[in-house]
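Construct all of the structure, not just a fragment, from the sequences and the given hints.
Listed below are the residues making up each chain.
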Amino acid sequence: MGSHGFLEGSIQGFLRALEHALESEELARRNGLLQSLDPRVKLIGTLGLVLAATTSRRLAVIAALFALACLLAACSRVPLRTLMFRTWAGALTFTGVIALPALFLTPGPLFWRLPLLGFPVTLTGLRTAAYLVSRVETAATLSMLLVLCTPWSHVLKALRVLRVPVVLVVILGMTYRYILLMIAAAREMFESRRSRTVGRLDAGQRRRMAVSAAGVLLSRTMQLSGDVYLAMQARGFRGDVYVLDEFRMDGRNWVWLALLIALGGAAVWAGRS
Amino acid sequence: MTTRIFEVQDVRYCYERVVALDGASLTVPSGVRVALLGANGSGKSTLLRLLDGLYFAESGVVRFAGEPLTEARFEDESFSFDFRRRVGILFQNPDVQLFNPSVFDEVAFGPLQLRWPPEEIRKRVGAILDALHIAHLKDRPPHRLSGGEKKRVAIASVLVLDPQVLLLDEPTAALDPQSQGQMIDMISAWKDTGRTVVTATHDLHSVEDIADYCFVFEAGRVLAEGTPSDILQDVGLLRRTGLLHSHRHTHPSGEIHSHPHQHHDH
Numbered sequence: 000m001g002s003h004g005f006l007e008g009s010i011q012g013f014l015r016a017l018e019h020a021l022e023s024e025e026l027a028r029r030n031g032l033l034q035s036l037d038p039r040v041k042l043i044g045t046l047g048l049v050l051a052a053t054t055s056r057r058l059a060v061i062a063a064l065f066a067l068a069c070l071l072a073a074c075s076r077v078p079l080r081t082l083m084f085r086t087w088a089g090a091l092t093f094t095g096v097i098a099l100p101a102l103f104l105t106p107g108p109l110f111w112r113l114p115l116l117g118f119p120v121t122l123t124g125l126r127t128a129a130y131l132v133s134r135v136e137t138a139a140t141l142s143m144l145l146v147l148c149t150p151w152s153h154v155l156k157a158l159r160v161l162r163v164p165v166v167l168v169v170i171l172g173m174t175y176r177y178i179l180l181m182i183a184a185a186r187e188m189f190e191s192r193r194s195r196t197v198g199r200l201d202a203g204q205r206r207r208m209a210v211s212a213a214g215v216l217l218s219r220t221m222q223l224s225g226d227v228y229l230a231m232q233a234r235g236f237r238g239d240v241y242v243l244d245e246f247r248m249d250g251r252n253w254v255w256l257a258l259l260i261a262l263g264g265a266a267v268w269a270g271r272s
Numbered sequence: 000m001t002t003r004i005f006e007v008q009d010v011r012y013c014y015e016r017v018v019a020l021d022g023a024s025l026t027v028p029s030g031v032r033v034a035l036l037g038a039n040g041s042g043k044s045t046l047l048r049l050l051d052g053l054y055f056a057e058s059g060v061v062r063f064a065g066e067p068l069t070e071a072r073f074e075d076e077s078f079s080f081d082f083r084r085r086v087g088i089l090f091q092n093p094d095v096q097l098f099n100p101s102v103f104d105e106v107a108f109g110p111l112q113l114r115w116p117p118e119e120i121r122k123r124v125g126a127i128l129d130a131l132h133i134a135h136l137k138d139r140p141p142h143r144l145s146g147g148e149k150k151r152v153a154i155a156s157v158l159v160l161d162p163q164v165l166l167l168d169e170p171t172a173a174l175d176p177q178s179q180g181q182m183i184d185m186i187s188a189w190k191d192t193g194r195t196v197v198t199a200t201h202d203l204h205s206v207e208d209i210a211d212y213c214f215v216f217e218a219g220r221v222l223a224e225g226t227p228s229d230i231l232q233d234v235g236l237l238r239r240t241g242l243l244h245s246h247r248h249t250h251p252s253g254e255i256h257s258h259p260h261q262h263h264d265h
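Protein chains in written order, with numbering that gives the first Met the number 0: chain A, 0 to 272; chain B, 0 to 265.
Hints are computed from structural coordinates only; laboratory data are not their basis.
Some hints here could point you the wrong way.
[Claimed, not checked] Quick look at which bits of chain A chain B covers, simulated, 3 or more residues with Cβ under 8 Å: (1) 149 to 155; (2) 176 to 184; (3) 220 to 233; (4) 241 to 254.
All C-beta atoms in this analysis are idealised placements derived from N, C-alpha and C, irrespective of residue type, glycine included.
Listed below in structure tokens is the structure:
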């Protein structure tokens, strides 16, 4: 990869990260089913359905939960293309690597033999791989729907229902906010470098550039964190964190909470072996 | 008789080996709008942080309403709460000040730390967002805001506590002309409201609008003080402190030359 390839690749990577963040925020503001629900309902409902998908011992039940996730996505105006690229492809690659050996190594009746190599694919191995991939795909789809249809700050606040400490919620929120700021800073740094780079950089120069960029960003992070702490102190922060709970449950949200819990419970019951 | 809100006596402060303030002394009367003028690195921003009890003097004294500002004093929770309620600071870089995930959370942060009742917080946050015409940004994350919007949210996060004293660090820096104008209008409107405003700036263009009195800084100490018109007329002082810049222009004869230049003359 030449100097421009390296710089272009880095800049494109930063842009993609920012685009994903912006796309998620845009989806969370759409008028859709999941967007209209209280974040706590979505969080508890998602957890119930994910639990059902990961514990189910019937492929049909997992497939039904996956279909339900796709239906929820459609009702929430989340394009399947977004799910395909941001969830399904990644989850399939990750679990595929783990599931692939199981096809050949799990003992059981022969299902098929690989041409040329002659490796045996067993029926038990195929079922094991199918369970792993389908469970992960379903759980990842449901989780991604929660994140795409809820502003990140609301997801974090909703975590307090699960007794997650306030301080952790605040730290996660600040981390998300400053990661985006640092990505923008890194992008500007690389764009500035690209504008002054002529010719090709060898591997050593590219490594040095990456290391120096990391060093500059670390230094900026240290400076920024010190200043942010001062800004917090200036507004009364003394070590304890307080947040305001803005969520309001209405009748419709209670109905949806009951429905999602019932669906999750039914799926757990139906998925027993 | 005018009371003194801040007294700074022979204060010294260093960042490791770099001296930021070196024997600075000044007095800020209550209810007056003061400008701290000086080039970059003259110690203005450091002084603001000392006035806000974020840094503490290595030698010399900083007093707020007669009370010395020391680390030990801020350990007293009732003093700390009272001080933070009465004094607000606007940082030069709004990204430093906007650390919450949404605009609403940002503005509510101060009142929450001061343990105001939730209903009161909702009411005050809503009112200040309306007053600054940023209610539509309520659920937006800070990274989706423009520079001017970020500055307004930062101002809202300070004003929500209705502080008697405002410390502003380069409030018009990096703003577009329209946002600069809005910021200057806002500070101008605080004249004769009883609010004390201390603004660190090197923008001579707006100083007569935002200040009743000025201190000119050089190398960490106060070099001169006076009304804005007194200071702006002292070209020698402004040139010495790096507040005037050379302006290159072309005469009708075609001759091009440069000379020190004040924007407010034009």
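A quick look at each hint next to the structure:
{"no.": "1", "hint": "149 to 155", "in the structure": "holds (count 4)"}
{"no.": "2", "hint": "176 to 184", "in the structure": "holds (count 5)"}
{"no.": "3", "hint": "220 to 233", "in the structure": "holds (count 8)"}
{"no.": "4", "hint": "241 to 254", "in the structure": "holds (count 5)"}
Hint compliance for this structure: every hint is met.
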